[in-house]
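Could you slot chains A and X onto chain H? The hints should help.
Chains as they are written, first to last, in my numbering: chain H, 2 to 324; chain A, 11 to 265; chain X, -11 to 279.
Treat the hints as calculated values from the structure; they're not laboratory data. Please note that a few of the clues may not be correct.
To be verified - No farther apart than 27 angstroms at their CA atoms in a straight line, the calculated lysine-lysine pairs in the BS3-like style are these: (1) A/255 x H/309; (2) H/183 x A/130; (3) A/177 x H/183; (4) A/255 x A/26; (5) A/130 x A/56.
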Amino acid sequence: MNRAAQAALLLFLLLFLFAPFLVNPGLVFLAGFAMIQIVFALSWNLLFSYAGLISFGHAAFFGIGAYISAVALRDGYEIHFVLLILVCAAFGALAALLVALVVLRRASGVQFAVLTLALSQLIVVLIGYSSLLGHDEGIAAIPRPAIDFGLFTVDMNQPLTSYYFVLAVCLLAVGLMWLLAKGHVGRAMRAVRIDAERAAFVGIDVWRVRVIAFTISGAFAAVAGAMLAPWSQIITPDYVNWLQSAQPLFAALLGGAGFFWGPVVGVIGLSGINYLTRTFAGLSEVLVGASLILVVLVAPQGILGALKQLARRRGGRTPGGHA
Amino acid sequence: MILDVQGIEMSYGALKVLHGIDLVVEKSETFAIIGPNGAGKTTLFKVLTGEAMPTAGTIRHNGQDITKLPAHQRARRGFGRTFQVARVFNELDLRTNVVISIESRLRYSGGNPGPWWRWKPSRDVQAEADEILDRFGFPRRRWNDEAGYLSHGDRKRLEFCVALATKPEVLMLDEPTAGMSPSDRKEMTHLLARLKAETGITILMTEHDMDIIFELADRLMVLNFGEVIAMGAPGAVRDNPTVRKVYLGQDHQHA
Amino acid sequence: MTTLYLYAIFNGLVLGAAIFLVAAGLTLAFGIMKIFNFAHGAFFMIGAYVAYAVAGQEASSLPLFLAAAFIAALVVGAIGVVTDLAIFRRLGNVPHEYTLMAAFGIMLFCTGAARIAFGQSVHAIYPPQAIGGFSEIGLPVSHYGLFIIAAGIVTFLALEIGLNRIWFGKLIFAVARDPWMADVVGLRVQRLKLASVAISFALAGLAGGILVANQSLSLDLGHSYLLLAFCAVIVGGLGSIRGAFIASVIFGLAESLNSVMLPTMPGIGSYALLIILVLIRPQGIYPELSQ
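Okay, chain H solo, but in the shape it has when bound:
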């Protein structure tokens, strides 16, 4: 990663840190929403860039987290919210593990994409049946918890506290994913994505690595969902359908799928487009669609990839200089 990208990421971090003091409450809400989408997009990219699997149904795991968290908060379960996040993560991981065990055995490529899509739509259908989950209308007016940490209490009913709690959880999740991606598990996953056969011949169990990646990715997607329930205070099946599944895909592609931080840049870009075109129905879709096509045709490495190439060209010698 070059200096321009590092500077940009640092700037984004600062903007997120001081957002409540810089912009109006509407934008602060969007910033919190964007952070949750960042966690979701990174969890998807862990799968795509690190294990080479393209899931078109990732919103299913996001939805599992969102609905568990929403029901628990609505019905006032006696459960510490931090524990609740972990429960959501566990259920997300379990669901992802089951899907991986079934789907990864038989399907690949387009079949894998459509099967994951169909499984997530199945969840949407199931939600429609359930009155516990509010059928097609979803769950609204979700109360925000006051979280007791012994020494202090984080009351999410205070706007500022609430924002910083979401920020803290998201930063923690991003940090954990970063450590995982950069550590030896992440290296094995990348090896599998770049050349599965070569990886197998150094003793890496490709299937197992993929199942593990899928499970971990499902857990983080569920954590993102769990945070959304108290933040947006409304959860509908729209958060589970294929358009939500496509969000991380757009973000990763736009920002640069080959980079860990690519989806972060992508989510911020997408949020920007959506915000600026909010008064003109349809324009945001046109712009996002066009930029996706453009990225695939012109800069498949996304914004970060284009920046890297730019730096390389300006620097003259490539890092792999003698090529």
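Just chains A and X, lined up with the frame of chain H:
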């Protein structure tokens, strides 16, 4: 014997490409499979590495049947390999390429690649990777280069590092000098000879270049139309009249 | 009770034919371009809007209704040619995950463009009087349903004969199988490809024009059939017309019988079926071109 291969047959539909191949590889020897194009070398090699499942026959490693073992389990039993067109992890730097291999070995051999949250390889792994890269002649300043930008010969050498980092008992080389410049070729031959002398590793290889075969191989096997037509020490095989006819004859023609 | 089931089977056949009308273009496009066109549903929707623009809420006669559907096919076919020239053709060297994403981008672009062009409102569309009625033969049979079944069968036969029997179909097949070889023997690969891409998109437009009646025309129109068509294409075997036809009928029946046998759980049958079928036979019923 380290590898005991009996009665390997292989057919693609009605086409039979291997007709009952037997071969035995002893510890620390270099065994070469040669033959004209289309003789079945590549198919036999694929069967031995586990990429292709033979129609009949068994492969035993130290007495145990490994015919049906998938690639990663063969690797874990001590088989390392290189590909005809070198395959390395392109987007990663040289060091990471080797580190991946070492960490994989540690994972399955009961070693410890460190906790998952360590974003840098452990000091031992790092040192081992550096030592391997150094041994194979990559200068330190290039260790952080992306593998995708290497020249063909360098990629082959890096692939060697990746394969050897799992500390294999048997190294399987598919045309280790294919597509190389004469100087790279010489260097690779040198490297293989040194590796043989220093580690006593068992090598199973296919190769086109006869000079390299005669320099390195302890024994070799000549395939033609999916059958073994000669097997033995290089000198004896070279003097075998059948082999001269089907194989070296051609070689002399365009020499 | 039997009447109920007979009625469900009839509805299932209608739905199956409708799914096939959408799936046909999708599977043809995969066979030729090797691209799983996520944008197919968007083109379907554009076709429906074009037909609406031509014929209005209720076409005054059957010929006008058909003419509107054909105009929709022409328009969408033309858009398809532009899309192919501008985008799909340039995706040759891009990994296939990225082509999926590009198709997704096209879908989003089309949906947004349609939202700008046609607005958010929902229109109710009726079939023309000539096929708007019912016949009572023990159970009520809608003429429009019969019309859709007929349209499905005609499309299937046309494609099946076109692809297997006549020269044009054989050429398309040759190009799909091995473009390089086709080029060597002197076929005009690019032109043929373009023609077949135009056909596959035109099919989406035609389907939109035919199926729009009895639906509420909105921007979400594409989705209802699209997912089932995806399922049918996968289960039928990517690129296979025959497979898509059989699978479409299976999914149509599953969906319809589901509503009779499990009235409390609508919509679950086809997904369950998809998962089972893909696990049993991941390569599809006719794995023709999917390798």
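Could you tell me which of the numbered hints above are not met by this structure, giving the numbers in increasing order? 1 and 5
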